[in-house]
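Engineer: Heads up: the sequence lines are chains A and B, in that order.
Per this note's numbering, numbering through the first sequence is continuous, rising by one, with the last residue being 486.
Per this note's numbering, numbering through the second sequence is continuous, rising by one, with the last residue being 868.
FYI, nobody ran anything at the bench for these hints, they're computed from the structure.
Keep in mind that a hint or two might mislead.
[To be verified] Quick list of in silico lysine-lysine cross-link-like pairs, BS3-like style, CA-CA up to 30 angstroms: (1) Lys191/A / Lys556/B; (2) Lys660/B / Lys386/A; (3) Lys67/A / Lys51/A; (4) Lys614/B / Lys298/A; (5) Lys346/A / Lys377/A; (6) Lys238/A / Lys262/A; (7) Lys149/A / Lys258/A; (8) Lys459/A / Lys660/B; (9) Lys89/A / Lys149/A; (10) Lys660/B / Lys69/A; (11) Lys520/B / Lys647/B; (12) Lys74/A / Lys62/A; (13) Lys614/B / Lys403/A; (14) Lys814/B / Lys193/A; (15) Lys578/B / Lys456/A; (16) Lys127/A / Lys705/B; (17) Lys678/B / Lys340/A; (18) Lys578/B / Lys520/B; (19) Lys678/B / Lys430/A.
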Amino acid sequence: MYRDYIRKVSFGIGIEEDMPNDPLDWAKNQFDQNPNLIWGYDLPSLEDQRKRYGEWVYGDRKVLRQKFKKDRLKYENAKDQLRKKTGEKFYESLELSIRHTSALASKSPAFERMWHFWGNFFAISEKDFLASFSTGVYQREVIRPNMVKTFEDLVYDVTTSWCMLHHLDNSENIGPSSKRGISINNDPNEKSKVGLNENHARELLELHTVSPEANYSQEDVIEMAKAMTGWRYLWNEKDLEAGPIKFQDEYHENGPYKILNKIYDIKDFNTVSQGKELKVIIKDLANHPSTKKHISRKLCQHFICDDPNEEMINVIIDSWNKNDGSLIEIHKATMEVAFKYGNDFKKFSMPELWLLQNAKMLDLNYLYSYPKGFEFKGASPNRRQKLLKDILYELGHPIFRAKQPNGYIDLEDEWLSPELIIRRLASARKFTDIANPNLNYDNDFFEKVIISNFDKPEKFLKLMDSAKFYSDRFVVFANYPEMMRA
Amino acid sequence: MNCTRRSFLKGSLATIFFSNFNIPLHGSIQSPKKNIVIISLRGGMDGLAAVPISDPLINKYRSELILNEKLKIDSDFSLHPKLKTLHSLWSKNLASVVHATNIPYTNRSHFDGQNIMQTGSLKAYTQKTGWLGRGMKSAGLYESGLALSLPMPLLLRGIEKNNNYYPTWMSLPKREIIEIITRAYDGVDRDKLQEIYNVILNRPLTMQGGDESLDSLSKRTASILKDPLGPKVAVFDLEGFDTHTAQGNESGEHAENLQDIDLIIKNLFEGLGSDFNNTLIMTLTEFGRTVEQNGGNGTEHGYGSAILMAGGILKKSQVYTDWPGLNKSNLFEGRDLLSTIDARSVYASAMSSVFNTDFEKIKRDVFWNEDVTNLSSQLFKS
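Just chain A, with the same shape it has in the complex (with noise of 0.2 angstroms):
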């Protein structure tokens, strides 16, 4: 098993490329260090996207509503303007565009895999104006620093962003007896009373580490949202809810808290201020041995089949606990782990991935002035620099837009309907318009990257034989089951 591998753990051989001597070193070594994404100019940061969403939020909700409420038409045509001038359709084309410049032209193509991954695990559902600004540049800045780094930095991270703050409405949750807690409740002119909100504490529990296996009850959730009180973004008048985040004081429930049994008090922790318990607490959350079952289930689950078994996980969990929760080794012992059991086991490819392998086997090109890139100039992206999104919206994937916090499903069952397939097939007979105009897609072709990217092609190559029409082709390898699944 070699080139099947290859496309268990990455998207594939391209036309130009070889297949490396040793897939499994090939693989292992591409996680040392975080590869730069290719893409030819600026990328935008997430502190200009949170700017760009408060003036866009902050725009229209406050400025033009008010300014325009007696005139419909005027409205629309300022809210098209501002719209235009923020970005509000333009930045998710672009990070959908990077991303996939980015895996396709990699050298390290099982780490943007991997990226990929970590993405989906730490979902920003669709939630307000999230995808439109800044879920792709939070994947870029949050999560893929910390994939060399380990996994407790990866989740402190993620849990103190901006984005999963809003995601998860951490900035409603008030600690009662805090400061401001006391005043906005016993102000007879605040007629909005604040407390807790258990919304992330939960989903970092059940979500993010430890998952419901361990057991962990209501009163766990609501001291875990004490703790997590006060990390929310500065407000000011211009950022509104966009403002950076800072932990404040005034906003907190102070401890002590118990969670999972353990008590975490203050005065024991010398070197930590208050706000930096939750640091603490992650630590624990982070290495407890639940989590490290969930995330290396997970793991499985994406590479190698459904229902990964104990044995599989295991190989995870052991170089978890040998290196420290350790990304790097951890990436690398899913790799082994997927070489070993590839042969056996074969895992459906949700439809991003399955466009990406299409994309790379068949040298499709549906990125606009692919691979440099392009760049914003405050205007609505073009019908090319958009197709990506319509693509993936088609599909039944649109990245950004999971529905709810724990993303995409990454099961089989999930993604077999009749529509979804639909898709699938109707997309492929389009393959022909995103085509390399450079490249005759003949018989000959189609036998040459199928011998490059199956262990065994000619179940393969008799089929295709049978696709006698151009479009035809397309449809036909893209819809075969070990393209469908790898």
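Fit chain B to the supplied structure of chain A, relying on the hints for placement.
Structural biologist: Just chain B now, with coordinates in the frame of chain A:
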């Protein structure tokens, strides 16, 4: 295009997507055809907002969420003002509510809860099929399921050859090409992908065109359900009920979500015509929400909620409940509306009535003989 049994029987209403040689084996004409429509409400629907009770205690718990306008349905309960169609059906004995009910799940996780609300199991992630799919299998209803969403919801899994409808502007390749792809599965035991290609090859013409707006989807659903040989079981998937912040009252996020439920009921009522009398619409959610509002004028994950129902299979209009009360001591863990009726009893009874299948058989085949109660005679026409 070849004339098939479907198109032959029904003329232009229901013909086949492709020219087709396969004649459906199932779908004998049953008179009258009965339909069941489930509307999944993801996020946890606030039963106390949808079907508020007249109880002065509620003002203390949730002052920001109180409804000033309500649609009264009996001396104790009202409907949310956005549930206009449901209210208009109430006087015709075509609408009903089960209150203070939920699936037996109390741990307040969306994902475990949504898994359990669909599998009907007591433990999350232990089952790969849904209670509705198993119920259809128990009743022998093959090729009868229709999901109005891109994925096939877990709820409908457990029986082969279900369809879904969620339109795209793109067009399919030729039939011959799909047949070539299915040949790749020759000699393979049973592959779920291959089965899907077969469903696609046999798709009725009613399942194309339209757009993915809820208005269009629900209107199409009415016409698909009207086909006497078409699907009998439809599932809608609505999201956004997880209102942790700014839940709203007469208007706002939760109100808009309720309006979506009402739109589906309205379009089915208008589109099905007399067939509405043989139809049952019911909601499904993973949990209710806390009685008390939280720091962000929203509500947290709770337990007991309500099931909204409409259609001619209902026995009468009623709020069927064993009301637990809103005193702190009556609340589940001092915070949630208690569930006093296992929602699985309601769904099992509904399937027994709609599928004309013995309740004991449903209880055995679908709910592993667990403790579900037959409420058919109280809630539904047999």
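Engineer: If a hint holds in the structure, say so; if it does not, say that too.
Structural biologist: Hints, verified against the model:
no.	hint	result
1	Lys191/A / Lys556/B	holds, 22 angstroms
2	Lys660/B / Lys386/A	holds, 28 angstroms
3	Lys67/A / Lys51/A	holds, 22 angstroms
4	Lys614/B / Lys298/A	holds, 18 angstroms
5	Lys346/A / Lys377/A	violated, 44 angstroms
6	Lys238/A / Lys262/A	violated, 41 angstroms
7	Lys149/A / Lys258/A	holds, 28 angstroms
8	Lys459/A / Lys660/B	holds, 22 angstroms
9	Lys89/A / Lys149/A	violated, 33 angstroms
10	Lys660/B / Lys69/A	violated, 52 angstroms
11	Lys520/B / Lys647/B	holds, 19 angstroms
12	Lys74/A / Lys62/A	holds, 15 angstroms
13	Lys614/B / Lys403/A	holds, 21 angstroms
14	Lys814/B / Lys193/A	holds, 19 angstroms
15	Lys578/B / Lys456/A	violated, 65 angstroms
16	Lys127/A / Lys705/B	holds, 28 angstroms
17	Lys678/B / Lys340/A	holds, 26 angstroms
18	Lys578/B / Lys520/B	holds, 19 angstroms
19	Lys678/B / Lys430/A	holds, 25 angstroms
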